Each structure stands twice: as structure tokens, then as C-alpha cells.
Amino acid sequence: MKMTQQTQYGFYFDSSKCTGCKTCHIACKDRMTGLVRAKDDVMNNGVANLPGIIWRRVYEYGGGNWSQNVDGSFEQNVFAYYMSIGCNHCSEPVCVKACPTGAMHKRREDGLVQVATELCIGCESCARACPYDAPQLDIERKVMTKCDGCSDRLAEGKKPICVDSCPLRALDFDTMDNLRAKYGEGDGHIAPLPSPSITSPNLIIKANRNGQPVGGSGQLLNPAEV
Amino acid sequence: MTSTNSANTNAQPTFPNSYAEAQKIGVFRAFSKTPVLALDSYINGGKAVSTPSGKIEIYSLSMAQKGKDWIFNPNVKGDYITAIPMYQPTWDGYEDEDTKDDYPLQLAGYHTKGRTHSSYHNVPWLREAAEDAVWMNPTDALGRGLRSGDKVQMWNERGTVELPVRITPRVAPGVVALGQGAWYQPDIARIGRSGHPIDVGGCINTLTRYQPSPLAKGNPQHTNRVQIVKA
Ligand code: SF4
Ligand code: SF4
Ligand code: SF4
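Line by line, the protein sequences give chains S and P. If you read the first sequence in the working numbering, its first letter stands for residue 1, the second for the next number, and so on. If you read the second sequence in the working numbering, its first letter stands for residue 1001, the second for the next number, and so on.
Derived from the structure by calculation, the hints contain no laboratory data. Just to be clear, a hint being listed does not mean it is correct.
[Said to hold, decoys possible] If you anchor each label on the Cβ, the simulated ranges turn out as follows:
hint	chain 1	residue 1	chain 2	residue 2	range
1	S	Pro223	P	Ser1118	23 to 29 Å
2	P	Leu1061	S	Val47	54 to 60 Å
3	S	Val47	P	Ile1025	30 to 36 Å
4	S	Ala224	P	Asn1010	22 to 28 Å
[Said to hold, decoys possible] Only pairs whose alpha carbons sit at most 30 Å apart, straight line, appear in this in silico DSSO-like list of lysine-lysine:
hint	chain 1	residue 1	chain 2	residue 2
5	S	Lys17	P	Lys1230
6	P	Lys1217	S	Lys159
7	P	Lys1033	S	Lys17
8	S	Lys159	P	Lys1024
9	P	Lys1024	S	Lys206
10	P	Lys1217	P	Lys1113
11	P	Lys1033	P	Lys1055
12	S	Lys17	P	Lys1113
13	P	Lys1066	S	Lys182
14	P	Lys1217	P	Lys1230
[Said to hold, decoys possible] According to the in silico footprint, chain P covers these stretches of chain S (three or more CB under 8 Å from chain P):
hint	region
15	22-34
16	92-105
17	191-199
18	214-224
Here the structure is a predicted model, which means the values were calculated and not measured. Ideal Cβ placement from N, Cα and C applies to all residues, glycine included.
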């Protein structure tokens, strides 16, 4: 019998609320460190830094210009907003397609895209394919890691830690059916996100009032932080 | 526990008994029943305010007195107190002729989300999440040939710091901004243009001046002129 996917989980993100505080980024990293470095001797060695592995990234996007008047004063139309992005557990996951070993896979039961670590050879094909930069290589273990949708917390009836940690309540996570019932289709994706046509991401966005169309005239202002 | 703390006995709404209860309540809001009016007792109650005249003063008698009695340093530009609020050109200010050629940029400090003052600066996750870079407008970066992420040296006569630059329209031309609280880390093997060891920790206090402000005698943390070049 052919199995069909019953449930598809996804995220909701409200860019009009997000202040870019990065609590989600840190909360995710805290849980992730427990998962991938649980056996570390924390009392003696401290908590692992895991440099460069960021499952939830907060992008600062902005633009606009300054011009000077003859009297020396300035005019400006500067804008900026934040986008907090993990993995969108896409319906057309190009990461899965790109993976040569089948390590990157989409779960039938809930649509979450995860890495089967024992199959991963660390070739980074998924990371190159994903337009959201979701797969993050663990250089020490030479395996790919990424947002797993906090599936352990879901099993306990909780929401992901990024969602629960957000002081501005800018994030939500649920089945896409429930999210659509609650938020509708949202405002469509805005920069710096790529066109949703590439991977059919399960991500509903409420746009910031300065939200720029995909490929807009602004730029990523915090490349070192994502 | 919060709910049994005597200071909270009369709190409205009542404090939760447990963390689980607090989580169920969610956001804890307290609304004041009456609108709060500043200087209500003066405006509606006919009581005096605590000025020498008992009235709201535009010309402040107490400031006039302080300006006359206190000792100021005539060599410190802007070290005086006036009875009427006014703009005071100051040392290292926008109009300071003495420093504007050597140090054309004004440096302001701000509270970064990456730590609380200097606390938690040593947490590597936070250093990764919030880059300690000096913010600079694209017009100022252009003349200096700088790109985001370049390492720069920023100095004035008080010290030299070395850190990355972030080019962003979110700061005005002629102004640069640095999150305060990073830990001082002198590289004693290298002397900067200021004649001091280069602070590779990027601590803003390396560049600030220990010169109490005229009235509050506070730190003039945001009064700094600097120059920046690619390191
Ligand atoms: S966001 Fe990237 S890693 Fe996640 S499912 Fe989509 S393509 Fe794959
Ligand atoms: S769902 Fe979990 S793993 Fe994914 S970004 Fe949120 S906290 Fe991180
Ligand atoms: S915790 Fe919330 S407000 Fe803070 S950066 Fe993340 S999504 Fe934005």
C-alpha cells in the first residue's frame, strides 16, 4: 500500500513583531548543544561552543539612502527588519534531492526534514542546494545537522523551543492546516527569502511594514551573524 | 517564592503560585485604574513643585546658582551650566574645531543585545549571535575603501581599538556606533596610532574620556571623536 503523508508541520513568522533579539537563535542553540554534545563533560569542559552551527538564523535586512541638503542637513529613507528562519521542512525539499546517500530525508508521518546521521558523509550537497542555508555542517563530527523541528518536544505535546522562547510571540509552529486556519496564507514571502517556488517551503510570513519583495533593493546587514 | 513575598501581597492580578501556573496565564499584565498625570498635585492640587519658585521654571534659579557657585574648568570646552536650556558646543563635539580634522567621525556607544553592559561578554554563543563591529554609514566607508567585515583601527588621542566594521545605512553619515561593554584586551606587542597598545577586545572605554559632565558629573560616554582606517 502506498503511504501518503498525512501531516505537514510548518512555521509561522511575524516580521512585524520581531525585534531581532535572537532569543530564538540562542534557545535553539542551547537545545541543539544538548542533542549533539550531550556526552560532553560539561562540568570540566564547559558547554560546547559549536561555532558556526546555527539552526535558527535571524537575518537583518535593510536599505534606503541618505542625501544631504544644501544647508548641510540630511534626508533619509532608511528601513530595516528581521527575518527569523530555521528550516521550512519544504514540500519540495531540494536538500533531500541533492543528498547522494539518503541521509537527508523527509519523514512520512509529519513532513519534517531530518538528517539520518549514520548515513551522512558530510559532503554538503544539501547545504549547497538549500536556498535558506538551513543545513549546517558540524565540522568536528563531519556530519550535516539542521533544524529537526524539535521533534522530541513535539512528541511531548510541546511547541519547538524557538517558538516558546520568543519574547515577542513572533513565531508559531503547527500543522500547516492549523496554521492556515489561524493565520490564513500570510502576506507571501519577502526579502531576503528566495522565491518560494524553489522548494515550496512550509512557512507562512506576516510581512513587516517595510517588507521588500523577494530580490528587493535592500541588503543583508548582518552577514557575520547568520 | 514570588507569590509569598510580602512585597507582592497586594499585587493585582495576584501573583501565580507556581511556574506552571504562570505559564498558563501567559503574559502578565497590570493596568493602572486611573490615568497617570505628571505633576498632578501641581496642576490639579494647587501644590508647589520642588523648584525655588515653586513653579515650573524655564529660567532655573537653581541652575543659575550652580552655574555661578560651582568650579568649572575653563580649559574644558562646554564645562559650564546655564540657567536656560541651551545647546552647548563641547570638546569632541560636532563643532569642536580642535578635534574635527584629526578625528572627523563622532562615536556613540549603545547597549548591544549581545550582553548586559560587560556581563556575559565571555559567552561564545552570544559573541557569535551579535557581532561586535563598529557601525559606519556607506558614504563614510566609501572614502576609506572599507567593506563590511573588514578589520579596522579606530583611534583618538586616548587609545586605539581594532575590530570589524559593519557598513550600514542604519547609522548617520559622520557618525559611527559601537556596542559598549566589550572586554579590554591590549595587544602589548603592537602600539596604535594613539601611542597606546592596540585594544583588540574592542572596548569603547579605550576611547572615552574621563571628564565628568558639568551638571550630573556623569561619564560623557557618547562624546568621542575618532578616526578609522583599514587595519
Ligand atoms: S529549508 Fe532547506 S534544508 Fe529545510 S527542507 Fe527546505 S530545502 Fe531542505
Ligand atoms: S524547531 Fe527546534 S531545531 Fe528547529 S529552529 Fe526551532 S528550536 Fe531550532
Ligand atoms: S526571539 Fe522572536 S523577536 Fe527575538 S529574534 Fe527570534 S523571532 Fe525575533
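Status of the hints after comparison with the structure:
1. Between proline 223 of chain S and serine 1118 of chain P, the C-beta spacing of about 26 Å keeps the proposed range 23 to 29 Å intact.
2. Under the hint 54 to 60 Å, the C-beta atoms of leucine 1061 of chain P and valine 47 of chain S, about 58 Å apart, fit the expected range.
3. Taking the beta carbon of each, valine 47 of chain S and isoleucine 1025 of chain P are about 31 Å apart, inside 30 to 36 Å as hinted.
4. Look at alanine 224 of chain S against asparagine 1010 of chain P: about 49 Å separates their beta carbons, and that is not inside 22 to 28 Å.
5. Proposed proximity of lysine 17 of chain S and lysine 1230 of chain P is contradicted: the alpha carbons are some 37 Å apart, above 30 Å.
6. For the given pair, lysine 1217 of chain P sits about 50 Å from lysine 159 of chain S by alpha-carbon distance, which is inconsistent with the 30 Å threshold.
7. A hinted pair counts as satisfied when its Cα atoms are at most 30 Å apart, and lysine 1033 of chain P with lysine 17 of chain S qualifies at roughly 28 Å.
8. Restraint check for lysine 159 of chain S and lysine 1024 of chain P: satisfied, since their Cα atoms lie roughly 14 Å apart, inside the 30 Å limit.
9. Only pairs whose Cα atoms come within 30 Å are accepted, and lysine 1024 of chain P paired with lysine 206 of chain S is accepted, the gap being roughly 26 Å.
10. Distance check on the hinted pair: lysine 1217 of chain P and lysine 1113 of chain P sit about 27 Å apart at the alpha-carbon level, within 30 Å; holds.
11. Note on lysine 1033 of chain P and lysine 1055 of chain P: the hinted pairing holds, with a Cα-Cα distance of about 28 Å set against a maximum of 30 Å.
12. A distance of roughly 17 Å separates the Cα atoms of lysine 17 of chain S and lysine 1113 of chain P; the hinted pair therefore holds under the 30 Å criterion.
13. For the hint pairing lysine 1066 of chain P with lysine 182 of chain S, the CA-to-CA distance comes to about 62 Å; that exceeds 30 Å, so the pair is violated.
14. Using a Cα cut-off of 30 Å, the hinted pair lysine 1217 of chain P and lysine 1230 of chain P is violated, with the two alpha carbons roughly 35 Å apart.
15. Coverage of the region 22-34 of chain S by chain P holds in this model, with 5 residues showing a Cβ closer than 8 Å to a Cβ of that chain against a need of three.
16. Counting residues of the region 92-105 of chain S whose CB lies closer than 8 Å to any CB of chain P gives 0, so the stated coverage by that chain is violated, three being the minimum.
17. Taking a C-beta to C-beta cut-off of 8 Å, the region 191-199 of chain S contributes 0 residues in contact with chain P, too few for the three needed, and the coverage statement is violated.
18. Restraint check on the region 214-224 of chain S versus chain P: 4 residues with Cβ-Cβ distances below 8 Å, three needed, restraint holds.
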